[in-house]
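Q: Under our numbering, think of the first position of the sequence shown as 110, with each following residue one higher.
Quick caveat, the hints were computed from the structure, so don't treat them as lab data. Keep in mind that the hints are not guaranteed to be accurate.
[Said to hold, decoys possible] Within a straight-line C-alpha distance of at most 35 Å, the following computed DSBU-like cross-link-like pairs (lysine-lysine) qualify:
(1) K191 to K159
(2) K164 to K132
(3) K159 to K398
(4) K191 to K504
(5) K475 to K443
(6) K234 to K504
(7) K492 to K398
(8) K492 to K397
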Amino acid sequence: MQQQTTIFQPEWLVDGLSGDVRKQALVLVRDGVVEDISESKQYDKFGDRKVVRFKNCGFLPGFVDSHVHISYSGSIDQRVRKAQLSASDDELHTTITEHLRQNFTHGILGLRDAGDQFDGYSIYKRGKMRQESIPVNVESAGMGFFRKGFYGAFLGHPHDPATFSTRVEKMSGEKRFVKIVNSGMNSLQHYDAYQRTIFGTEELTIMINKVATLGMQVMVHANGPEAVRAAVEAGCASIEHGYFMGRDNLKRMADNGTYWVPTIYAMKACLENFEFLGQGAAKREVIKKNVEDQMAQLALARELGVKVAVGTDSGSFGVLHGESFVEELNLFKKAGFSLAELVRCGSGVGAQLCGFDTFGTIEVGKPATFLVVRGVPSQMPRKMGYLEHIYLDGKPSVHYLKHYRQIDHLRSLNRS
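Could you build the full structure based on these sequences and the hints that come with them?
A: As structure tokens, then:
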């Protein structure tokens, strides 16, 4: 069988691994796998093979959103938000299908679903999932664990030490992550205020160790210094949100290799949609200061070497699936991350955290899966919201509909 070889030449490339933007790279793809990445001045090494050039475009690795709620809409209509908490299986299927499509359209090829009260993604997989499914990989935590009487009822089931082992044993083999809620939300009315720590270090350690024996990891919703410290010392894989956790915890996370998913845009979205929060529900100045504090922590995390993964908290109030990813990247840029750094946080780091090994980086030996974006590096990440193409295994995806008039042509390419 004849091997198919293609050489791609974008004007620039970010690989999701290094800290550099590579100019005029040549990407040799054989049978859908990256075989070589060279500088254009090394063109002669490829002989007389035809080069496919992407004028005024760059290549990016497939993105990973490390914190979404795939069963929930980002609607700002409080009636919609309430109704989705009692969605039927058919409604879940329609909602999740659309959310997967919205993510894929924005180049997000991997998701970590932070769960809901009915494990909606599992219902979706068991139900009417189409044979030709949208090519987005999902690791779902399903139903998380919270303390009865505390925050978290819409995220899972109350923790009972007597049944915890049995419950997580049922999750093993299907789940990579278990979610534990260790604090409440941040106040939108009082600055630096959050509901107190729910589980202490000793109790969390017992829970996390049990999960680890089953080959899974724990993601912990935590805000405030005590809640974060307990989770990190107990050995969690990642801290979700982490507002007001402080320098000591960031240093502790860097030392322990704990990932952080800061979800800043979810707070900023409250500011952008302030009038829809409800009368007396929030204060603008408090929300603004919450965002500023989290931005300062993000800048410090970069300085300390914390492994930061991009997560949007899509499905939260005003946080739309797909398009909110670029909003989060813009905040990383404002916090001092270079283009290569913020792309790595939104691709390679997220892929490593979530366990995705076929995308998230553009490197030799991996499938030639990449995003094509028009513009120059200085226009990023703003221009990432509207992609030119999405390539999967070296070929343009028929699922990406920007060039819908070319869909038959793309299908013929995929059959070649």
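Q: Which of the stated hints cannot be reconciled with the structure, identified by number in ascending sequence?
A: Structure breaks hints 1, 3, 4.
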